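Listed below, chain by chain, are the residues.
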Amino acid sequence: MSHRTTYREALREALREALQRDPRVFLMGEDVGRYGGTYAVSRGLLEEFGEGRIRDTPLSELGFVGAGIGAALGGMRPIVEVMTVNFSLLALDPLINTAATLRHMSGGQFSVPLVLRMATGAGRQLAAQHSHSLEGWYAHIPGLKILAPATLEDARGMLWPALQDPDPVLIFEHAQLYNLEGELDETTAVDIRSARVRRTGTDLSLIAYGGTLGKALAAAAQLAGEGIAAEVIDLRVLRPLDDATILASLRKTRRALVVDEGWRSGSLAAEIIARIVEQGFYELDGPPARVCSAEVPVPYAKHLEDAALPQVPAIVAAAHELCG
Amino acid sequence: MSASLPCPRELALRLLHDMLRIRRMEERAAELYGAGKIRGFLHLYIGEEAVAVGALHALAPDDAVIATYREHGHALVQGVPMNAIMAEMYGKREGCSHGRGGSMHLFDARTRFFGGNAIVAGGLPLTVGLALAEHMQGGKRIAACFFGEGAMAEGAFHEALNLAALWQLPVLFCCENNLYAMGTALARSQSQTDLCAKAAAYKVAAQAVDGMDVLAVHQATGAAVEQVRAGQGPYFLEYRTYRFRAHSMFDPELYRDKAEVEQWKARGPIHSYSARLKAEGLLDEAGFLALAAQVEAEVEAAVAYAEAGSLEPLADLCRDVYTSAPGTQVQP
Chain E
1 MSHRTTYREA LREALREALQ RDPRVFLMGE DVGRYGGTYA VSRGLLEEFG
51 EGRIRDTPLS ELGFVGAGIG AALGGMRPIV EVMTVNFSLL ALDPLINTAA
101 TLRHMSGGQF SVPLVLRMAT GAGRQLAAQH SHSLEGWYAH IPGLKILAPA
151 TLEDARGMLW PALQDPDPVL IFEHAQLYNL EGELDETTAV DIRSARVRRT
201 GTDLSLIAYG GTLGKALAAA AQLAGEGIAA EVIDLRVLRP LDDATILASL
251 RKTRRALVVD EGWRSGSLAA EIIARIVEQG FYELDGPPAR VCSAEVPVPY
301 AKHLEDAALP QVPAIVAAAH ELCG
Chain Z
1 MSASLPCPRE LALRLLHDML RIRRMEERAA ELYGAGKIRG FLHLYIGEEA
51 VAVGALHALA PDDAVIATYR EHGHALVQGV PMNAIMAEMY GKREGCSHGR
101 GGSMHLFDAR TRFFGGNAIV AGGLPLTVGL ALAEHMQGGK RIAACFFGEG
151 AMAEGAFHEA LNLAALWQLP VLFCCENNLY AMGTALARSQ SQTDLCAKAA
201 AYKVAAQAVD GMDVLAVHQA TGAAVEQVRA GQGPYFLEYR TYRFRAHSMF
251 DPELYRDKAE VEQWKARGPI HSYSARLKAE GLLDEAGFLA LAAQVEAEVE
301 AAVAYAEAGS LEPLADLCRD VYTSAPGTQV QP
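Chains as they are written, first to last, in this note's numbering: chain E, 1 to 324; chain Z, 1 to 332.
Source of the hints: derived by calculation from the structure; they are not laboratory data.
Accuracy of the hints is not assured; some may be wrong.
Claimed, not checked - Keeping only pairs whose Cα atoms sit at most 25 angstroms apart, straight-line, the calculated DMTMM-like set for lysine to aspartate or glutamate is:
hint	chain 1	residue 1	chain 2	residue 2
1	Z	140	E	186
2	Z	203	E	31
3	E	302	E	181
4	Z	92	Z	296
5	Z	258	Z	27
6	Z	140	E	56
7	Z	37	Z	253
8	Z	203	E	56
9	Z	203	E	181
10	Z	140	E	22
11	Z	203	E	51
12	Z	92	Z	316
13	E	252	E	271
14	Z	265	Z	94
15	Z	37	Z	251
16	Z	203	Z	154
17	Z	278	Z	251
Said to hold, decoys possible - Quick partial rundown of chain E residues pointing at chain Z, CB under 7 angstroms, derived from the structure:
hint	residue
18	62
19	63
20	108
21	167
22	317
23	318
Please read these numbers as outputs of a predicted model, since none were measured by experiment.
Just so it is clear, CB atoms sit at the ideal spot from N, CA and C, and this is done for glycine as well.
All chains should be built: construct the whole structure from the sequences, respecting the hints.
What follows is the structure, encoded as structure tokens:
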């Protein structure tokens, strides 16, 4: 069974379902209510569920993310929306110093079942304070789980298991994906543990997530016409990483190319390549490669922004180099 | 009830007993620190005991409490056994946080003690969230947060007060004004030193109270709790108190005069209160000595418990990073 929808609507359906199924679930964040959500994800939910459960907050990321943690400790299942990952930096203290540590620091007494959603990524000419991809930073932190839904199925299906998880889960929605439209297969089982092979191939593994998945798939389609069968892996879960799926693909293709919208230095791409080298060095035909964002704050002008981000031609070129 | 004491005799004596328990536990902890048994930071509450004791006895046992990194006293009065506190300072698995937290991170789910938080003002937004959860679930429990006056320079204070007042949540904000944020005096770090005025700016009811007088603390807190529990929104209490010891074991105390410390010590909460109990005829010297001996025995038993405690096996190093059943540990 499937129906036509968008990534935005799939997220909204997931929110609606969660609010209907569990009275402990509520949504809070800036402009999630009357405004309908900065990206219109929560439009209509205030009317349906009321102000008690769709809570507009002041511009207080530190305050309302901290309050979300407290509400989770107090038995609720809060979904906290932060407008963009850039603004989440105002809430780093409660996230890193408390949500991620509490379980351990309390000797296992207190879990923090918080779900935090936020937009990430560039591509809309919003310049350097609204465009960064910092999910790799968060993926550095033990105690957090990091999700990056890149498909309609994941936009629809990741929220509920995230809410069932007793630990803090951060969901990164690439802002370029909200208008993604297509057929949503309602029968797809969605977990929050594994990476998925989105296209099979034998010559090269393209490893992508979130906003770069579409670009990797487009590159794979082009490469197919050029005689290279690329396999495309969607990481989906950035912490904990599903090493097994990556390595199983590599044993087949023997070549790895990571596509990551984060900056190269200290990136998630760096971590993935380190794991590939540690665990699969002798499977490889050559050094793993990566296409990342240029090491510059994301600029405003369209041609500069485009040049700063991983793009299909760069992925294709890197693939040819690996397979050459 | 005695003629002039505002509480029953049993509670009046309990307040003294708890202040003595904190004092002696911490004096012993300081000795043990010197002996190398306790490491890391150790922030002593000595001098401020009347605040935790008076305030927490005005709360219900199932109210939620969050405190700072100077929280040994709060944990003890909230009901965390002294044995578990001492074992935690020793880093033993029998500690109330299984040796993962230490002095600054005492936790106890059973008594709803949501921890020592070592980020200044870090506990305030959490407390707002605990109160929000209670409010949404229609409960009557309130959430109390202890913090120093230094926390009022942090953004978290302002965001938390605004949220709590905006949503009329059952939060008791307990400011322990000991005049110094580590070594920086209030007037050297905050443009507005009238702390109640800051709370009032968010339309939060606010009152200052003598934090060296355990009965005054108890009374003022009791009145505030009544309002908060009745659904009248958050309340801010400023307890004017003083830290007799250094900020931590590493502090050479260059920022304050010895004479100032001595002046405050003259108003010490324990001796002034025990003198009052004696004057009221509720306690005699023999009674005091008996109480002191009881406390001494509890402290020594706690030390013995901690000494006899075990170390968590290294194989469990990464336990409790994620919530999982044994054997299903999530690998990073």
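These are the hints, each one checked on the structure:
1. Z/140 to E/186: violated, 42 angstroms
2. Z/203 to E/31: Roughly 23 angstroms separates the two Cα atoms, so the pair holds.
3. E/302 to E/181: holds, 24 angstroms
4. Z/92 to Z/296: Given that 25 angstroms is the threshold and the Cα spacing comes to 22 angstroms, the pair holds.
5. Z/258 to Z/27: Since the Cα atoms of residue 258 of chain Z and residue 27 of chain Z sit roughly 20 angstroms apart, the hinted pair holds (cutoff 25 angstroms).
6. Z/140 to E/56: holds, 24 angstroms
7. Z/37 to Z/253: It holds: about 23 angstroms lies between the C-alpha atoms, which stays within 25 angstroms.
8. Z/203 to E/56: holds, 20 angstroms
9. Z/203 to E/181: Roughly 47 angstroms separates the two Cα atoms, so the pair is violated.
10. Z/140 to E/22: It holds: about 22 angstroms lies between the C-alpha atoms, which stays within 25 angstroms.
11. Z/203 to E/51: holds, 22 angstroms
12. Z/92 to Z/316: holds, 13 angstroms
13. E/252 to E/271: holds, 21 angstroms
14. Z/265 to Z/94: Status violated; Cα separation ~35 angstroms.
15. Z/37 to Z/251: holds, 19 angstroms
16. Z/203 to Z/154: holds, 18 angstroms
17. Z/278 to Z/251: violated, 36 angstroms
18. 62: Nearest chain Z Cβ about 5 angstroms off; hint holds.
19. 63: Since the shortest Cβ distance to chain Z is 3 angstroms, the answer is holds.
20. 108: Nearest chain Z Cβ about 4 angstroms off; hint holds.
21. 167: holds, 5 angstroms
22. 317: Result: violated, 33 angstroms to nearest chain Z Cβ.
23. 318: Not OK, violated: residue 318 of chain E not within 7 angstroms of chain Z, min 28 angstroms.
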